[in-house]
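From just these sequences and the hints, can you work out the full model?
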Amino acid sequence: MAQMTATLPERGTEETALITGSEAIAVACKLADVDVITAYPIRPYDTVMQYVAKLVANGEFDCEYIVAEGEHSQFEIVKHASACGARVFTGSSGVGWMYAMEALTVTPALRIPMIAMVGNRALDDPGAFGVEHNDALTVRDLGWMLVWVDTAQEALDTALIAYRVAEDRRIFLPCGISCDGAFLTHSQAMVKIPTQDQVNKFLPRYNRADLLLHPDNPITVAPQANEDWVMEIRRQNYAAMERVPGVIREAYADFERIFGRKYGNPFFEEYETADADVVIMGMGTLSMPTRVAIRKLRSEGKKVGMVRLRWFRPFPAEELAKCLSRFKAVGVLDRDFSFGSPYMSGVVATETRAALYTDTISKHPPVLNFIGGLGGREVTVPDVEKIAHELYEAAEGKKKPATQWIGLRE
Amino acid sequence: MAISPFVEIDATQKLDPFKGVKKIPLEEYFTSGHRTCQGCESALVMKMMVKAAGPRTIVLGSTGCMYVANTTYYSTSWVVPWMHTQLGSSGSAGLGAAAALKAQMRKGKMKKEPINVIAFCGDGGGADMGLGAISASLTHPDYNFLILLYDNESYANTDIQLSGSTPYGAHTTFSPPGKMKRIMHHRWKKNTAGMLAAGHPECKYVATVCMSYGLLGMNCIRKALEIGGPTFVHSLDPCPKGWDYDPYISHELGELAVTTGIWPLYEVENHTLRLLGKTKEIAEGRYVRQPVRDYLMKQGRFAHFTKDDIDYFQSKVDEMWQKWLIPGVIPMMKDVEGDKPPAE
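For the protein sequence lines, the chains are L and H, in the order given. Per numbering that gives the first Met the number 0, the very first residue in the first sequence carries number 0; after that it's consecutive. Per numbering that gives the first Met the number 0, the very first residue in the second sequence carries number 0; after that it's consecutive.
Simulated from the structure, these hints should not be mistaken for laboratory data. Beta carbons: idealized from backbone N, C-alpha and C, even for Gly. A few of these clues could be false.
[Claimed, not checked] Partial selection, computed: residues in chain H whose CB lies under 7 Å from chain L:
id : residue
1  : R55
2  : P80
3  : G131
[Stated by the list, open to error] With a cut-off of at most 30 Å between alpha-carbon atoms, the simulated DSSO-like pairs for lysine-lysine come out as follows:
id : chain 1 : residue 1 : chain 2 : residue 2
4  : L       : K200      : H       : K110
5  : H       : K110      : L       : K53
6  : L       : K261      : L       : K327
7  : L       : K302      : L       : K362
8  : L       : K385      : L       : K362
9  : L       : K53       : H       : K108
10 : L       : K191      : H       : K108
11 : H       : K108      : L       : K200
[To be verified] Have a look at the derived ranges for each label pair, beta carbon to beta carbon:
id : chain 1 : residue 1 : chain 2 : residue 2 : range
12 : L       : G406      : H       : I2        : 55 to 65 Å
13 : H       : R186      : L       : V55       : 42 to 52 Å
14 : L       : E101      : H       : K180      : 30 to 40 Å
15 : L       : E255      : H       : R105      : 29 to 39 Å
16 : H       : R105      : L       : K261      : 32 to 42 Å
17 : H       : G131      : L       : K362      : 50 to 60 Å
Rendered as structure tokens:
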């Protein structure tokens, strides 16, 4: 049972609270004055809905809070609410996200700026509550913006940024905010809670404008188009996704100006990369053991760095390729699998290799893939040390397998 | 009906019944541009439904004939705002739209006014795939919306495949009569409206209609929208393509469905059951049910029926009228525990 720990600040005073990643996102929903929220239970994302329910029950948050009868309905309800002009929030985890798949498919196609939290969870079977990234990654081709966050503070801030970007008329696409199950959804940290005034300054009201479904604007949404027009309509979604990086940059710049918190490059975070020989790349809370291991390795004289990818969709290919080409070897740590993919690698490694295959850079470092931390298994400091060791050997020209599993019981 | 103090109800539009065919407004909100078949009764249902509702209405349509044939890109037939919803999502669509209006009007983000929300589905979308979502949505007393199920008794848009609402024995592309099996589809039609009325005690209005009795059907829709909360209307629609008959007898077949007693017309308004039209006359003994043969033999989908098949069909309809606790509504047999319902 989730207990609220955050005291919401009065207007004008920022406060600090010890809260989980899930609670941070619930607080962001309240600050964003979300209109319609749909809940359905599945661990670990559902803690966010427990916090939302408390806020509503205590009269601190005015929204329609609807408990649906399944994830498909959960996502369909907010999809239609958003078409009628409401700011919406929902979420899921693991197979719950998969159960909503049809709704997830049509949401970006309809240009619905839905914000969904994905409490990343291993897909069934066998049952496991722990984190894997395969759930959120399944929508990577459909027009969802996908972002992975690392801390509760980043979860709160990114939720506000996600509304700002998604609801921009140039974009109108949904955004999934991935929070690693347990490691982030259920772990408390000190979080600065912005004031309502700051949020109001940063986040304009959602304006569905010419696409509003209302008797004053009698449009027909999503008619049967067939081969006559489907390509042109897909192309509009392509163009919207193409505009996202620019809008993300604007939003982060405004965020820094209004809230005073800096995220640097919005798309990925670099840690100890300035003089690094090799880097380890990954998403989400994998950064924790990686940072610790990097500090240890550096004390031993090994120049290892980390690149933590935040925005997976749109994938920051050009910038990332430019960054990674500086190093002698790159290790991508995937908390996911893609059976039968090129070199049997994980999704992030496969996309990273694709990003590097470009003529805008001349140097192509070897990219080794490490699959680990599946089903919520911890990626340990010795795991990261082993990866660094492999990367150094690859940098020296030693032949290495394209994909290795780490932390696997023999 | 007692209402919980925690339920927040918004005003609905005042929609008095049309007092005769001549009082029906001339304005059309479902007009040209659609490509439905000649004699399509479901298209008539769309036209009557939105005429009954009026211009301040949002319509959400699940996948099915009334999506694919009605909303060709660039030639939509809808004058009111219309949005596609997924096959199994009519319940969720109605709920989501109604919740959005409620929240925004309460918070001052949208002008306060009663707006009708209608989500429609076919029998595939309503009686099969979307039943769970419809059921869930009918338990939400705070939101005003109507779910209309237009039942042409098959997945008619995808080539006439059987649904849970297809009558016993009907020839569909998934149930063709063959050399070994004359009757491939031996399931009896689902009792959708009765199930929804019985299963959702907070739902204020459930009705069955047939647009061969257009005025009655339109007034049921008006009542469903005015009464507030989530409501459900189930319409039986003859389908020339799926039922295999000459389009000019669509209207007659709708009448026969009712006069043979196969499709009872009724409404459940605030827990009060009322039989309507010819169905009421049958129940009161003022009208003798026509033999089902007259209905079945006019349709190609039953052309393979032998006398035994017709007799079986007739016996099932007789059973419904003679043995059900409430004919057409509650299929528990009266004579199991005596003739009276157990309540006082």
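Here is how each hint holds up against the structure:
With 7 Å as the threshold, the beta carbon of H:R55 comes within range of chain L, its nearest partner Cβ sitting at about 5 Å, so the hint holds. For the restraint placing H:P80 at the interface with chain L, the shortest Cβ-Cβ distance is roughly 5 Å, inside the 7 Å limit, so the hint holds. A cut of 7 Å between beta carbons decides the hint on H:G131: the least distance to chain L is about 6 Å, and the hint holds. With a CA separation close to 24 Å, the supplied pair L:K200 and H:K110 stays within the 30 Å bound.
With a C-alpha separation of about 29 Å, the suggested pairing of H:K110 with L:K53 holds against the 30 Å cut-off. In summary, the hint linking L:K261 to L:K327 is supported, as the alpha carbons are separated by about 29 Å, within the 30 Å threshold. Between the alpha carbons of L:K302 and L:K362 the distance comes to roughly 19 Å, so the proposed pair stays at or under 30 Å and holds. The suggested pairing of L:K385 with L:K362 holds, with an alpha-carbon distance near 25 Å, which does not exceed 30 Å.
In summary, the hint linking L:K53 to H:K108 is supported, as the alpha carbons are separated by about 24 Å, within the 30 Å threshold. Simply put, L:K191 and H:K108 have alpha-carbon atoms about 29 Å apart, close enough for the 30 Å limit, and the pair holds. A hinted pair counts as satisfied when its Cα atoms are at most 30 Å apart, and H:K108 with L:K200 qualifies at roughly 17 Å. For the hinted restraint 55 to 65 Å between L:G406 and H:I2, the CB-CB distance of approximately 57 Å keeps it satisfied.
Take H:R186 and L:V55: their Cβ atoms lie about 43 Å apart, and the range 42 to 52 Å holds. Evaluation of the 30 to 40 Å hint for L:E101 and H:K180 yields a pass: the beta carbon distance comes to about 33 Å. Taking the beta carbon of each, L:E255 and H:R105 are about 34 Å apart, inside 29 to 39 Å as hinted. Checked against the hint of 32 to 42 Å, the pair H:R105 and L:K261 passes, with Cβ atoms roughly 38 Å apart.
One distance hint, 50 to 60 Å for the beta-carbon pair H:G131 and L:K362, holds here, with the actual separation near 55 Å.
Every hint, counting from the list given before, is met by this structure.
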